Amino acid sequence: MAAAFTLESHGDYWAGRFTAMASPCEVLCDLDDEASARQLTELACAEAQRIEQKFSRYRDDNILYQINHSAGEPVAVDDETAALLDFAAQCYLLSDGKFDITSGILRRVWRFDGKNSFPTKEQIQALLGLIGWPKLTWQRPWLTLPADMELDFGGIGKEYAVDKTALILQRHTAASLLINFGGDLLATGPRRNGQGWLVGVEDPRRLGTQGGKRNTAKEFELVQGAIATSGDTQRYIMHKGVRYSHILNPRNGWPVRGAPRSVSVVAGTCTDAGILATLAMLQGKKAETFLAKQSVKFWCLR
Amino acid sequence: MLLRSIYKTSVLLALLALSACSFQPVQPWERDILAQKKMQLEPYPLDAALDEHTYFSKEASRGGAGVGGGGCGCN
Amino acid sequence: MQLKTKPKPIRKTLAMATATLLGHVTHIGTANAESNPWEIDTAVMSYQENGRVSVLEPVIRMREDKGDDKFFTLKLVVDTLSGASPNGAIPTNSPQTFSGPSGSSSYPIAANTVPLDPNFHDTRYAINAEWEQPAGDARHSIYGLSFSTETDYQSLGASATYNFDFNNKNTTLTTGASFSGDSVQPLGGKPVAFAVVPASTGGGGGGGEDEGGGGGETSFHVNKRVVDLLLGVTQVMGRKDLIQLNFNYGKESGYLNDPYKLLSVVDNTGALITAVAPDSPYIYEKRPDSRNRTALYSRWSHQFGSDVLRLSYRYYSDSWGIRSNTLDMHYRLELGERFFLEPHLRSYKQTAADFYHTSLLNTEVATLDYASADYRLADMTTKTVGLKFGWLVGKHSEAGIRVETITQQAQPSRVIGIQSQQDLLPTVKATMVQLNYRFLF
Amino acid sequence: MTRHRSWQPWLVLFFSLGIFTVAHADDLPNLSLQTKQGGLHLNELRGQVVYLDFWASWCVPCRKSFPWMNDMHQRYSKDGLKIVAINLDKEVNLAKQFLTEYPANFTVAYDPEGLSAEKFKVQAMPSSYLIDRQGKLHSTHLGFKEKDTAAMEAAIKSLLAK
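As you go down the protein sequences, you meet chains X, S, L and B in turn. Under numbering that gives the first Met the number 0, the first residue of the first sequence carries the number 0, and numbering increases by one thereafter. Under numbering that gives the first Met the number 0, the first residue of the second sequence carries the number 0, and numbering increases by one thereafter. Under numbering that gives the first Met the number 0, the first residue of the third sequence carries the number 0, and numbering increases by one thereafter. Under numbering that gives the first Met the number 0, the first residue of the fourth sequence carries the number 0, and numbering increases by one thereafter.
In short, the hints are calculated from the structure, not lab data. The model shown is predicted, which means the values in this text are computed figures rather than measured ones. Just to be clear, a hint being listed does not mean it is correct.
Taking lysine-lysine pairs in the DSSO-like style, the calculated list, with each CA pair at most 27 angstroms apart, reads [claimed, not checked]:
{"id": "1", "chain 1": "B", "residue 1": "95", "chain 2": "S", "residue 2": "36"}
{"id": "2", "chain 1": "L", "residue 1": "65", "chain 2": "S", "residue 2": "36"}
{"id": "3", "chain 1": "L", "residue 1": "428", "chain 2": "S", "residue 2": "57"}
{"id": "4", "chain 1": "L", "residue 1": "394", "chain 2": "S", "residue 2": "36"}
{"id": "5", "chain 1": "X", "residue 1": "292", "chain 2": "S", "residue 2": "36"}
{"id": "6", "chain 1": "L", "residue 1": "394", "chain 2": "X", "residue 2": "296"}
{"id": "7", "chain 1": "S", "residue 1": "36", "chain 2": "L", "residue 2": "11"}
{"id": "8", "chain 1": "B", "residue 1": "144", "chain 2": "S", "residue 2": "36"}
{"id": "9", "chain 1": "B", "residue 1": "118", "chain 2": "B", "residue 2": "81"}
{"id": "10", "chain 1": "L", "residue 1": "168", "chain 2": "B", "residue 2": "89"}
{"id": "11", "chain 1": "B", "residue 1": "95", "chain 2": "L", "residue 2": "11"}
{"id": "12", "chain 1": "B", "residue 1": "161", "chain 2": "B", "residue 2": "146"}
{"id": "13", "chain 1": "L", "residue 1": "348", "chain 2": "S", "residue 2": "57"}
{"id": "14", "chain 1": "L", "residue 1": "394", "chain 2": "B", "residue 2": "144"}
{"id": "15", "chain 1": "X", "residue 1": "296", "chain 2": "L", "residue 2": "11"}
{"id": "16", "chain 1": "B", "residue 1": "144", "chain 2": "B", "residue 2": "89"}
{"id": "17", "chain 1": "L", "residue 1": "250", "chain 2": "S", "residue 2": "57"}
{"id": "18", "chain 1": "B", "residue 1": "35", "chain 2": "X", "residue 2": "97"}
{"id": "19", "chain 1": "S", "residue 1": "57", "chain 2": "L", "residue 2": "285"}
{"id": "20", "chain 1": "S", "residue 1": "37", "chain 2": "L", "residue 2": "65"}
{"id": "21", "chain 1": "S", "residue 1": "36", "chain 2": "L", "residue 2": "168"}
{"id": "22", "chain 1": "L", "residue 1": "394", "chain 2": "B", "residue 2": "89"}
{"id": "23", "chain 1": "B", "residue 1": "95", "chain 2": "X", "residue 2": "97"}
{"id": "24", "chain 1": "L", "residue 1": "168", "chain 2": "S", "residue 2": "37"}
{"id": "25", "chain 1": "B", "residue 1": "144", "chain 2": "B", "residue 2": "120"}
{"id": "26", "chain 1": "L", "residue 1": "394", "chain 2": "X", "residue 2": "97"}
{"id": "27", "chain 1": "L", "residue 1": "69", "chain 2": "B", "residue 2": "144"}
{"id": "28", "chain 1": "B", "residue 1": "135", "chain 2": "B", "residue 2": "77"}
{"id": "29", "chain 1": "B", "residue 1": "135", "chain 2": "B", "residue 2": "118"}
Covered stretches of chain L, as calculated for chain S (at least 3 residues, CB under 8 angstroms) [stated by the list, open to error]:
{"id": "30", "segment": "224–237"}
{"id": "31", "segment": "429–436"}
If the Cβ cut is set under 7 angstroms, some of the chain B residues that face chain S in the computed set are [to be verified]:
{"id": "32", "residue": "57"}
{"id": "33", "residue": "87"}
{"id": "34", "residue": "116"}
{"id": "35", "residue": "121"}
{"id": "36", "residue": "123"}
Heads up, the beta-carbon is just placed ideally off N, CA and C, and yes, glycines get one too.
Take the sequences, apply the hints, and build the full model.
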């Protein structure tokens, strides 16, 4: 399928842009040759769309749909899905159950559109029975998901796509690349000028308020590694004057209290950075303490 | 005095050999407890070295646990 | 054994899980994100004797896991000593005056007080490096080098240990050897054995080698050699029992005197005499220039539930006539999964060296080959009572505090006449406090 | 399939001398093991190259072997390599805790009684046994040393190619 993307020269690098996973995506290639930049952007676009098609929960032709509509019957999954399931299991253990890919179902009652649609305790309680990684049976390659439960790779998908894309592109070029899928990004190494890529970390308090200016709180140079951000800048509920973040605790079904508005983490891979940012949000007030323990570079905006 | 030590050593070795009849050999996969740090003969080498140094400078005896280490004037 | 620590560091585990997810084919050395090759062990010990010396001793030990059972260990010690130490002379019912080791300063000692030389200030620096490597499937060897230096003493040593495992690793044979060459530079020159200590008013302590002269010799450099050989067996006695038996032979030769130790010369009433030389009743000590020693050492570790008992016993004897028995016990009492208490008891008893004399009769000076009044060569007991509190701070770090009291009681070799009015060898009480911190890095 | 083709395994064998004890062609004891996925019988794995590993949570080199086994599984499972890591911890919980830190993407079996280790006369921890597609023991390996991994991988590849 022909991918729709644009390619633009920025002097000493090329920027390929497209939309995937409902986010603006870009690939910055530190090279002069337009054909190479075009090929790399095509590859990136194809990989992003492949992952979106495979794991999007808005489609009815993919493995996720099969799983979520299996009505309690075992489904045989492919190796990539199996690896993601293994990884999700790992994250569940590492987070003491706070990171749970079965918790997406809570979206049925929590609508984070900034309005005051607030669920009742009974509504939440009813859903809690359908949440919990240990409730499903995962025996590679067989996954058995109890009826009415749902899996959602939304918490990992975009970051995973960034890492996967980077791996693919690096097989085709030695040039330095910056892959940015909706703010989750990865740089593959120093540029020809010996420097890194200049990256901005958003400040939610200034987002969209300053006309043509760049809405960034911090700019810094990323040579090699990834940054991912977890935040609730636009996704929250106001209820009786309290701002509820879209980060939900799968153990009680309620938004995490005291979480920062946004957390950005720098790590070796985008997946790592994304998981750490999400886990930090899930720590609520202890987000900074948690991240400090991980000895990673991070920004918390409250 | 050397003879006396050798005599004592042989008595202890004989005891060791005798007791060897009463112990069960431990299989390689049964060393979970023996592998713990606290079960080592010297789990805290710094404590042991500091003690050795203190008593070396306060008493007339030395040696036994191993070789190595350094000398000192120790007045 | 579920460790409930939060928030806990998960970054490395996560990185490994991600590497698996992304199918990173990484080189094994780098893939093992969890490896913490450095073990850093630090301690600072403070030792304080009542009215005598105090020691402050920080230590750092760094051990690197070089992979494939190879280890490199580096230990650095700084040992700062200050305070007063007995000079060997006996307390008397009248005041005494002594010259310091350099001869230029003198110090008075009140009546009925044990003479302590107040001039002990020294800092010792020691460095110790070890390399451990396998030598075939069931053997490994450890090589060590050590160096230490203080104002008047340097030591350079090397050691090698070989371990052979057999009987399914239930038995280990250990053989070891070490050698050290030490160099002593007594302050004020090497005193001539049995020479009369210059009177404090006499000024410089230097002088010639000639016996009739002063106490000092201008040669500032004397040597001492120490060789040790070790043979040991370690035996696994069961899942919870480990014992070791070592035999150690050592030979020291060269300058074995303590250049700062004196002997009091008395008449048969027990009073200091000045007949040897005017106004100085003190002579320098003299020890044999070699010493052969043997030690038989055994230890046992046993686990009770999760507690661990460690017992050790040593029998020691040497050619100076010293015999000693040492019994040492540690009991590690687990308090939950994060804390432990470890009481420590140690009991030591030695017999006096053949040439130990609390004081000398003037008639003996000419007839004795060797003599020393160093209380450490006396008939003596040491009792240690200690307690350690340990805290497993995290998965890779551990802290500890240890407090011990050490009581030493020596017996005079004989008490002559009026010496019975004195406490010739008062009990020495010391307190030791040690802080430990160990972490993986 | 004649002479000049058969040198390759011999070359591997030659390079791996000193690391591997090449086993007798005796029949291996069969094992029935408990895994998270249910029962596993060693003799049912015939047709695959089996890398049988004995490990425990307290064993330090075992920690280093897990990433390597993950790597081998990742690369060769599609060619018919089956890695079975038998845990010998007396408390299975300790093994599970280990696995959260050192995740395994291969099969892990549990034998708290150590019966399998006894049958295989395990000499050291970890120990591994490389078994060819015919169910014959190819080589035994004691401990886990980084420097031996290349030879072990070569042996696995040569058995997979048969």
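We went through each hint and held it up to the structure:
Note on residue 95(B) and residue 36(S): the hinted pairing holds, with a Cα-Cα distance of about 21 angstroms set against a maximum of 27 angstroms. This hinted pair checks out: residue 65(L) and residue 36(S) have alpha carbons roughly 19 angstroms apart, not beyond 27 angstroms. With a C-alpha separation of about 12 angstroms, the suggested pairing of residue 428(L) with residue 57(S) holds against the 27 angstroms cut-off. Note on residue 394(L) and residue 36(S): the hinted pairing holds, with a Cα-Cα distance of about 13 angstroms set against a maximum of 27 angstroms.
A hinted pair counts as satisfied when its Cα atoms are at most 27 angstroms apart, and residue 292(X) with residue 36(S) qualifies at roughly 25 angstroms. Between the alpha carbons of residue 394(L) and residue 296(X) the distance comes to roughly 22 angstroms, so the proposed pair stays at or under 27 angstroms and holds. Annotation: proposed proximity of residue 36(S) to residue 11(L) holds, straight-line Cα distance about 23 angstroms (limit 27 angstroms). Distance check on the hinted pair: residue 144(B) and residue 36(S) sit about 22 angstroms apart at the alpha-carbon level, within 27 angstroms; holds.
In summary, the hint linking residue 118(B) to residue 81(B) is supported, as the alpha carbons are separated by about 20 angstroms, within the 27 angstroms threshold. Among the hinted pairs, residue 168(L) with residue 89(B) is consistent with the structure: their alpha-carbon atoms are about 20 angstroms apart, no more than 27 angstroms. For the proposed pair residue 95(B) and residue 11(L), the alpha carbon gap of about 18 angstroms is at most 27 angstroms, so the pair holds. Between residue 161(B) and residue 146(B) the alpha-carbon distance is near 25 angstroms, which keeps this suggested pair within the 27 angstroms criterion.
Note on residue 348(L) and residue 57(S): the hinted pairing holds, with a Cα-Cα distance of about 12 angstroms set against a maximum of 27 angstroms. Straight-line distance between C-alpha atoms of residue 394(L) and residue 144(B) comes to about 24 angstroms, which keeps the hinted pair within the 27 angstroms bound. With a CA separation close to 14 angstroms, the supplied pair residue 296(X) and residue 11(L) stays within the 27 angstroms bound. Our distance criterion of 27 angstroms between C-alpha atoms is met by residue 144(B) and residue 89(B), whose separation comes to about 25 angstroms.
Our distance criterion of 27 angstroms between C-alpha atoms is met by residue 250(L) and residue 57(S), whose separation comes to about 19 angstroms. Distance restraint check for residue 35(B) and residue 97(X): the Cα-Cα separation of roughly 23 angstroms lies within the 27 angstroms cut-off, and the hinted pair is therefore satisfied. This hinted pair checks out: residue 57(S) and residue 285(L) have alpha carbons roughly 19 angstroms apart, not beyond 27 angstroms. At roughly 23 angstroms between alpha-carbon atoms, residue 37(S) and residue 65(L) fall within 27 angstroms of each other, so this suggested pair holds.
Distance check on the hinted pair: residue 36(S) and residue 168(L) sit about 17 angstroms apart at the alpha-carbon level, within 27 angstroms; holds. Distance hint between residue 394(L) and residue 89(B) is fulfilled; the C-alpha atoms sit about 21 angstroms from each other, no more than 27 angstroms. Restraint check: the Cα-Cα separation between residue 95(B) and residue 97(X) comes to about 19 angstroms, which is no more than 27 angstroms; the hinted pair holds. Between the alpha carbons of residue 168(L) and residue 37(S) the distance comes to roughly 19 angstroms, so the proposed pair stays at or under 27 angstroms and holds.
Only pairs whose Cα atoms come within 27 angstroms are accepted, and residue 144(B) paired with residue 120(B) is accepted, the gap being roughly 20 angstroms. Among the hinted pairs, residue 394(L) with residue 97(X) is consistent with the structure: their alpha-carbon atoms are about 21 angstroms apart, no more than 27 angstroms. This hinted pair checks out: residue 69(L) and residue 144(B) have alpha carbons roughly 11 angstroms apart, not beyond 27 angstroms. For the hint pairing residue 135(B) with residue 77(B), the CA-to-CA distance comes to about 21 angstroms; that is within 27 angstroms, so the pair holds.
Using a Cα cut-off of 27 angstroms, the hinted pair residue 135(B) and residue 118(B) holds, with the two alpha carbons roughly 15 angstroms apart. Counting residues of the segment 224–237 of chain L whose beta carbon lies closer than 8 angstroms to any beta carbon of chain S gives 10, which reaches the threshold of three, so the coverage claim holds. Remark: the segment 429–436 of chain L is confirmed as covered by chain S, as 3 of its residues place a Cβ nearer than 8 angstroms to a Cβ of that chain, reaching the required three. Below 7 angstroms, beta-carbon pairs count as interface contacts, and residue 57(B) has one with chain S at about 4 angstroms; its hint therefore holds.
Interface hint status for residue 87(B): upheld, as the beta-carbon distance to the closest one in chain S is roughly 4 angstroms, under 7 angstroms. Interface hint at residue 116(B): satisfied, since its Cβ lies 5 angstroms from the closest Cβ of chain S, which is below the 7 angstroms cut-off. Of the supplied interface hints, the one on residue 121(B) holds, with its beta-carbon coming within about 6 angstroms of a beta-carbon of chain S, less than 7 angstroms. A cut of 7 angstroms between beta carbons decides the hint on residue 123(B): the least distance to chain S is about 5 angstroms, and the hint holds.
Hint violations for this structure: none, all hints satisfied.
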